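Starting from the known structure of chain A, arrange chains B and C on it as the hints suggest.
Residue numbers (our numbering), protein chains in the order written: chain A, 1 to 291; chain B, 1 to 239; chain C, 1 to 338.
Source of the hints: derived by calculation from the structure; they are not laboratory data.
Check each hint, because a few of them may be wrong.
Ranges between beta-carbon positions, derived for each pair [as the list claims (entries may be wrong)]:
1. B:N168 <-> C:N8: 46 to 52 Å
2. B:A165 <-> C:N8: 47 to 53 Å
3. C:W82 <-> B:E112: 37 to 43 Å
4. A:K164 <-> C:W306: 49 to 55 Å
5. B:V86 <-> C:A12: 43 to 49 Å
6. B:Y53 <-> C:Q281: 54 to 60 Å
Remember, predicted model here, so these are calculated numbers, not experimental data.
Note that CB positions come from ideal geometry on N, CA and C, so glycine has one too.
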Amino acid sequence: MTVFLQTLVSGLLIGGIYALIGMGMTLIMGVMGIINLAHGQLMMVAMYITYAAYTFFHLDPYLALFVAMPGLFLLGCAIQKYLLNPLMDVETIIPQNQVLMTVGIAIVLTEVARFIFSSTYLSVRTGYSTKVFFLGGVSFNWPMTIAFLLAVALTVALFWFLLKTDLGRSIRAVAQDKEAAVLMGVNSRRITIITYGLGAGLVAAAGCLLIPIFYLFPDIGRPFTTKAFVITILGGMGSTVGAIFGGLTLGIAESLGATYIGMSYKEMVGLIIFLMVLIFLPGGLKRLTKV
Amino acid sequence: MAFFEAREVGKTFGGLKALSDVSFTVNQGEIFGLIGPNGAGKTTIFNLINQFYPMTTGDILFKGKSIKGMKTHRICHLGIGRTFQVVKPLKRLTVLENVMASAFCRVNTFKEARELALETLEFCNLMSEKDKPAKSLPIAGRKRLEITRALATKPELLLLDETAAGLNPAELDEAIELILKMRDRGITIIIIEHLMKVIMTISHRIHCINYGRTIAEGTPGEVANNPEVIEAYLGESYA
Amino acid sequence: MKRNQIINALLALVFLLFPLAVTSDYYRHLAILALMWVVIGGSWNLLAGYTGQISFGHAIFFGTGAYAAGILADKLGLSAWWGLALGGPAAVLMGLIIGFICFRLRGPYFALATIAAGEICRLIAVNWESMTNGMVGILLIQSFRSKVPYYYLALALAGASLLVFSRAMKSKWGFYFVSIREDQDAAESLGINASLYKNLSLAISAFFTGTTGAFYMNYMAFIDPEVVFSLPYISIMAILVAIIGGVATIWGPAVGAFIMVGIQETFRSAIFGLAPKWVSQSHALVFGLMVIFVILYLANGVVGDWPKIKRLLVRSPKTGDAAWLSLKRGKSERPSEG
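Chain A with its partners taken away, still in its complex shape (with noise of 0.2 Å):
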């Protein structure tokens, strides 16, 4: 019993991380109408922006949200404007070109980071790494439960924007109905740049927040893309509350397939999920609460 307790509790902390990932992902898919298949390399980048923070200017990784944050928000808007925003224009067979686009971007990212630090496995360890609390005979890793609540708070913050701010009311209009929105005087373009910000920076702040935990090494991304797109799937394309949900079902599937079949098949796990989604539930989590 306190195994299954176990498993359940540290997959729900790490699928409230997995949840900021997603969410990040749902706009763009909103907004954009793609998967972003740099997603998991673009957290990569952040988190060697953190680790290289604490190396250089003993910066705790905490405290490096608030230089990954605004970092990768800028690279993911200039993505969007000199990358993805070209291709709209272009008419091609393959109407996919876009995906396609952030796979490069995926590759360039990882190489670009092999380049300047190598594959070398890096880590950060602070003070707080491996401490763990007690409760109830369950045991609460210290980081991870910071990065939970973290995370739980930036979700707030996310839906304070979408549903408070102009510019979060813009964002869900253009992912409702990109026509009428256009036509009620949003500047699409600008939208989709910050979306794609926006997502950029919420997959920082995980990489942020994962730092203490992981290793680091360039080809980190790539796992996390999947779980990010295997995430937006479960949770319904573009439903931000879906991701919620998504995040979390998927730390927890992982966490019990890890100790009840194998740690080796932990990945398989998540994409298995997601076939299964994809086939039996066309339209995520977020089916289940619509007739």
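Below, chains B and C without anything else, positioned relative to chain A:
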């Protein structure tokens, strides 16, 4: 045995009843008009006939056999062709290629398909456009291409969905001429149309629906004078 | 028509005589690689370019063919010829399973499902150690020392695939594939069994990709999951080969294969040893940059954008600029094929 029969057909989308208990029969060789205000459920009937989605209740019989639950492409092979209200040309193909693609429904070789397609283009007066890409055609040409394409599948029953909408008077006359020419060839036609000029002049019988229910059926004259039909189209005060 | 036939005959002759003229194993190896990509790029093009089912998972078929050949030789001790013969059918079988799952989905959802299916295949190959040797991979002994037999095998495969693709596209099948790409609903209402023809296109595509995978196993004599099930270096490379040459053209992917292999090798060899050594380590980066460049500037490929490129090369610098701009925007109309 009726040539074509819809028996108490109904369709529900989610909780919304789009169509309930609509019944009608169509005789071989006639032009059967289907009218009703916007959103009355006319196109839904077509989508049920060619099985784009399954009907909730009722049955549809073609030449005495139920076609319920068949696949869309089988319906075409049985001899029921259709056009779309929102035209769906194969955009990057030329007009000729569009028609050839559908001609393959009846023939198997490139040569035969080309012959059948050219013959059909000639019949529909679209020969001059044959090498243009379909997306470059104006609306009248696209509507005509829809008909040509459906005709190349050699249908016995043709479902025409608002083929006259958006045409100017000269084009309208050509469209009417083409429809009559097809009837003379022995093709049975069910036509959805908003333009009274068209539907009243060419139909043998007209079936009128509103809010997914039948409100009248009869010759053009009978339907035009039916108070319920007038009410549906013009509002209560004119009835 | 006559002129085309002469060009084709000349091309065939050049390829047939190539190993006699070029005795360097290195260049023979490059030619074999390029011919393999002719087949894979063309296969992807049949399914995606013509039938409109954008696959991000052609590594599934390549890997299945390679592993089928490898396992038959390694575990059952059959000869390499059996592997070559059965690699294709194994990939077709896998293709039908993938089709059963993924063809329920349309458009971008299909593309996503193929990515996931590809990753699952890779993970299975990593974890099913009793069959695949996991990350260790499968090592065989080559049947031939010389590259020449492999060259002719690859040439035969490339020739056969081009013949099948061009024949198919001029027949009923080709018309049906393109109709499904353009509008699946319209195609269905015109009597086209979309599900059947999508699976047919997938099966042909999988067969050639799988056979190439089996050929790769026998030729390279070593495979591991990261190589043959690679998302970037097989699945994405297949897409790139087709795009850089010209999607939905018969010759496009063939041209693209030689361009891609040429460029990749140029950087891998650090521009033939002229550049400093770090250049050779950056070939993955170059691959990524190529993806970005091709999509931005050559979305319709060398064959599709040929008129624009010609204008760019022939005209004066001033009009050249204008051509460059229009190339960038990619506003050209592609003559439709098939």
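**Q.** Violations among the numbered hints, reported as their numbers in ascending order
**A.** The structure conflicts with no hint, since it agrees with every one listed earlier.
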